[in-house]
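**Q** Sequence:
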Amino acid sequence: MSVALQPAPALDVARVRRDFPILARTVRGKPLVFLDSAASAQKPRAVIEAMVRCMETAYANVHRGAYHLSEVATESYEAARAAAARFLNAADPREIVFTRNSTEAINLVAHSWGRGVMRPGQAVLVSEMEHHANLVPWQMLRDDGRGIELRVCRVTDEGELDLEDLAAKLADGKVGLVAVTHMSNVLGTVTPAERIVALAHAHGAKVLLDGSQAAVHRRVDVRAIGCDFYCFTGHKLYGPTGIGVLWARLEHLERMPPFLGGGDMIAGVTLERSEWAPPPAKFEAGTPPIIEAVGLHAALDYVAAIGLPAIEAHERALVDHAMRRLSGVEGLTLLGRARDRGGVFSFVLDNAHPHDLSTLLDRAGIAVRAGRHCAEPLHARFGLEGGTCRASFGLYTTREEIDLLADALVRAREFFA
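Each residue of the sequence shown is one higher than the last, beginning at 1 in full-length UniProt numbering.
It should be emphasised that the hints constitute simulated quantities derived from the structure, not laboratory data.
Predicted model, so just to flag it, every value in this text is computed and none were measured.
For glycine and all other residues, C-beta sits at the position ideal for the given N, C-alpha and C.
Heads up, some of the hints might be wrong.
Just the calculated beta-carbon pair ranges, DEER-fashion [claimed, not checked]: (1) HIS68 <-> GLY29: 46 to 52 Å; (2) VAL410 <-> SER70: 55 to 61 Å; (3) VAL269 <-> GLY29: 57 to 63 Å; (4) VAL410 <-> GLY29: 17 to 23 Å; (5) ASP407 <-> ASP264: 51 to 57 Å; (6) VAL269 <-> ARG53: 33 to 39 Å; (7) GLY286 <-> PRO377: 29 to 35 Å; (8) PHE415 <-> SER40: 26 to 32 Å; (9) GLU251 <-> ALA46: 31 to 37 Å; (10) PRO21 <-> GLY262: 35 to 41 Å; (11) THR359 <-> GLU254: 47 to 53 Å.
Make the full structure from the sequences, and use the hints.
**A** Rendered as structure tokens:
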């Protein structure tokens with residue numbers, strides 16, 4: 001007997017917006033329309049208060065103090081690790097390494113897996129749609145004389161990952177690691193993670209997914225996806241800056257040498273040599289981001305309380321509405337039309353430089369990003385070296401804000417004409 005799927009509960013956006021103090025402010029006398037969440041999301045009161053409470057009542061260094069405050073701080077820090085493990089459905093909290101952000105997480109893998117585990121003659125395979133954070137570290141690995149090749153998978157005109165090209169570049173069995181985005185920060189494209197993993201593993205390659213955007217908008221289950229490494233960053237997920245998450249299979253972390261050396265990542269030190277602590281401590285040298293971990297935990301709890309199914313359903317409705325409204329603006333060209341996409345829309349307007357357009361929209365209280373969004377090769381792929389404007393959504397974004405953007409773009413076209 002089949003069971004009818006229950007629709008996701010509706011998101012009470014008005015209530016959610018009251019949780020974000022900054023959304024009550026005005027900009028240039030206009031209500032703030034914040035459409036730059038892909039760069040960094042705003043913070044709910046729960047995150048702000050959790051971090052203040054930690055600093056006021058429960059702060060000390062972790063793992064090192066045999067006194068009450070240190071024990072409380074350590075419990076809070078490790079509770080954040082457990083929360084991150086639950087968020088990704090990791091098998092073990094020891095598979096969670098705290099970093100400064102996704103950029104550092106990818107650099108950690110490039111250093112410790114790329115230099116410590118990969119062999120000369122192997123290749124790393126990325127795509128044209130990568131953020132610089134998932135391209136530059138692999139270029140550095142290629143260029144440091146270890147004999148690692150860098151291959152690039154094409155992106156189609158619609159903004160999809162070209163899976164035929166991916167398979168062709170895997171075919172010779174020399175690719176040791178596929179490192180691709182789970183959701184493009186420019187196109188909004190959600191890549192078919194499970195298919196990518198299956199293809200890569202069939203050819204003997206490990207897989208790293210950059211989840212900086214996807215983890216904000218979709219439920220991520222690393223065990224179901226089957227990847228080897230996954231990263232996301234706190235500040236895009238309504239948490240603080242200065243903390244990111246690298247998930248890796250425990251057996252990989254055990255094989256990898258440390259990324260940074262110092263205190264807290266060692267089991268013992270003499271003047272002659274050091275022995276490493278087991279993961280994840282091996283990769284968390286020095287005093288960690290304690291207050292930021294508390295804030296990240298609060299952000300994960302906040303998202304969990306709302307429910308990712310409700311967030312995803314809300315965003316799908318916003319994406320559909322934005323596609324209708326923005327496609328109807330004369331002279332506006334949208335970048336990418338992937339079948340599965342999240343709430344990121346990059347565009348150009350006839351006769352308007354992206355920076356000029358962004359400045360004009362700001363006069364209406366609308367915050368969008370202008371430039372190449374740390375994805376210069378992708379813009380070059382579409383012949384847009386001058387950049388684009390980008391509007392990106394959060395769980396607090398409303399249909400009315402999208403309407404305000406569309407109406408402002410119509411006026412901007414008249415202005416620049």
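**Q** All hints are to be evaluated individually against the structure, with a verdict given for each.
**A** Evaluation of the provided hints:
1. HIS68 <-> GLY29: 46 to 52 Å: At roughly 50 Å between Cβ atoms, GLY29 and HIS68 fall inside 46 to 52 Å, so the hint holds.
2. VAL410 <-> SER70: 55 to 61 Å: 58 Å Cβ-Cβ, so the 55 to 61 Å window holds.
3. VAL269 <-> GLY29: 57 to 63 Å: 60 Å, holds
4. VAL410 <-> GLY29: 17 to 23 Å: Holds, since VAL410 and GLY29 (Cβ atoms, about 21 Å apart) stay within the stated range.
5. ASP407 <-> ASP264: 51 to 57 Å: 53 Å, holds
6. VAL269 <-> ARG53: 33 to 39 Å: 35 Å, holds
7. GLY286 <-> PRO377: 29 to 35 Å: 34 Å, holds
8. PHE415 <-> SER40: 26 to 32 Å: Taking Cβ atoms as reference, PHE415 and SER40 lie about 28 Å apart, which means the hint holds.
9. GLU251 <-> ALA46: 31 to 37 Å: 36 Å, holds
10. PRO21 <-> GLY262: 35 to 41 Å: 37 Å, holds
11. THR359 <-> GLU254: 47 to 53 Å: 51 Å, holds
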